[in-house]
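The task is simple: from the sequences and hints, build the whole structure.
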Amino acid sequence: MYILAIETTGKYGTAAVIGDDGCIYSASSETEMNHLRDIISISDEAIRKAGISKQDLTHIAASKGPGSFTGIRIGVTTARTLAQILGIPCIAVSSLEAMAERVMDAACDAGASYVVPIINARRHQVYAGIWELIRSEDSARCTLRPAGEERQYMIEELLDELKSRQQNDMQKDGVLTVYFTGDGIDAYDDIIHDALPKGSYFEAAEEIRYQHAENVAEAAYHKAECGRTVSYNELLPEYMRLAEAEQRLKAGTLSEKIKKAGGLL
Amino acid sequence: MKNGKHISLGIETSCDETAAAVVADGREILSNIINSQISIHTRFGGVVPEIASRRHLENINDVIGAALEEAGVTINDVDLAGVTYGPGLVGALLIGVAAAKSIAYAADIPLIGVNHMHGHIAANYLEHPELEPPFMSLVVSGGHTEIVNVPEYNRCEKIGGTRDDAAGEAFDKVARVIGLGYPGGPKVDRAAKEGDRDAIAFKRVWLEPGSYDFSFSGLKTQALNYLNSERQAGREIRVNDVAASFQEAIVEVISTKAVNAALEFGQKRIVMAGGVASNSRLRELISQKAAVHDIEVLRPSPLLCTDNGAMIASAAYYAYMAGERSGFDLDAVPALEFK
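Chains A and B, in that order, give the protein sequences.
In this text, residue positions in the first sequence follow our numbering: the first is 1, and each later residue adds one.
In this text, residue positions in the second sequence follow our numbering: the first is 1, and each later residue adds one.
In short, the hints are calculated from the structure, not lab data.
Remember, predicted model here, so these are calculated numbers, not experimental data.
Each residue gets a CB set at the ideal place from its N, CA and C atoms; glycine is no exception.
Be aware that one or more of the hints could be misleading.
Pair by pair, the computed Cβ-Cβ distance ranges are [what the hints assert, rightly or not]: (1) 189/A / 329/B: 32 to 40 angstroms; (2) 193/B / 186/A: 53 to 61 angstroms; (3) 334/B / 226/A: 52 to 60 angstroms.
Rendered as structure tokens:
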């Protein structure tokens, strides 16, 4: 099994190949938001580093979002089309899940109870998910268990939710710490600082804070082992948000002029 | 190659059609699949870019698959992947570009980025098997109104263009204000057939003498002013007359300038392209004016006037024959110029 994983939902596009030996070979874009220009060259670089040819690939995995809409579309379209032409299945991976995996060991070492990836969705919004760190008996190793819906939150709403979990837990054994990761830290550091008690949270170091295809590849490998693959036309983006015009249509606030022109009135 | 013929795959996603086609030797359409989003965008009164991008992604691979299947070829028969990389909506373009790159990479075939406007002109190579450059081309669509001299395959020299609104855009805008809705072009065309084109004296905007440029934004203002004054005077608005008079003001200027350009450059043919080339009054008037000077007017059938993959496959084929190749770093260029 050789999986090519593509991650273009953040600032820098990355690609990685994982094989049955668990080794991961990756390549990264050197320019911000250069996904469309770089996607094939970084994929090819990862494939070459792995010492295989593209015909040896057995699956194409993509980070399906949430994240940059444009980035999601470039990654998902590329993954779908490569899979279609090579005649192999796809694997969809949540960008948040892969980000949680990226910091799992660091969060475990820090003694955190929860991992919370937050992606900046502007205007006080984040795309986020909550994972609980489950410790091995000797506390040396951790695994992740989903502990909250992956969705769009107001940052304040997410912090309230985490605070109430902390307070509930305080009554039990007194320590519950949150490990944040993702570019939501860069955007909302002040708000987090004001909302949560000092010492009750950690922020991932920049080296492991952002999306990376290595973790998409790892997550994809587990899914492939469990047979959780899809055909290329079933690989769909996870935007976590309707287009603005669709939101307005749903809310009934599409302007009268447009409704009239569109024949709705 | 299939049966000794060169096989081009063309992909087009610059606006609201997700399209892919297979063309043999740059001329013969083996398949031409067009998935139109018009019904989706109609309820918003126009193309919503974010929604267009989303639908392109959901449709693109099925459209490509259908194009190959209907053509009776497999990806191994395909010799090049051509794709529109501009001009157009950036979020829409990038779906086609990402798909075409992936095909070229996975199938080890050349990638050819195509200017959408070259594609519209190439639609005529599919429609008219005998047509070869040189000729004068008139490209009129929702985003373009351009007069282009075509001295040889894959070469376009723009000699005039709009300074503000494109003809199709002007149609859309006036259709909206007189309540005809989107898409404006065909609706104005239809209403105009029932109207009097001399009813309202809309201004013909010729610009400075000898110019092949256009300006249509003033016409929209004039139409709005006319409607307001009629309403204030309590007179009934005759939609068909407004449509016919407005349309006449646009097509008279376009057809006159196109014929003048052909005369000045010594071209014996005017080749029409783009969605507005389907406008019945434009076709009628330009044919009349050209006939006086013994100039032949050619145009693609309505299906090939709309955005489609076959025209991109044909343009890609001629670009390939001229030695052009795109790298895997091909980008989407929303404001790509004619060249």
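Taking the hints in turn, this is what the structure says about them:
no., hint, result
1, 189/A / 329/B: 32 to 40 angstroms, "holds, 35 angstroms"
2, 193/B / 186/A: 53 to 61 angstroms, "holds, 59 angstroms"
3, 334/B / 226/A: 52 to 60 angstroms, "violated, 42 angstroms"
In summary, the structure is inconsistent with hint 3 from the numbered list given earlier, while agreeing with all the others.
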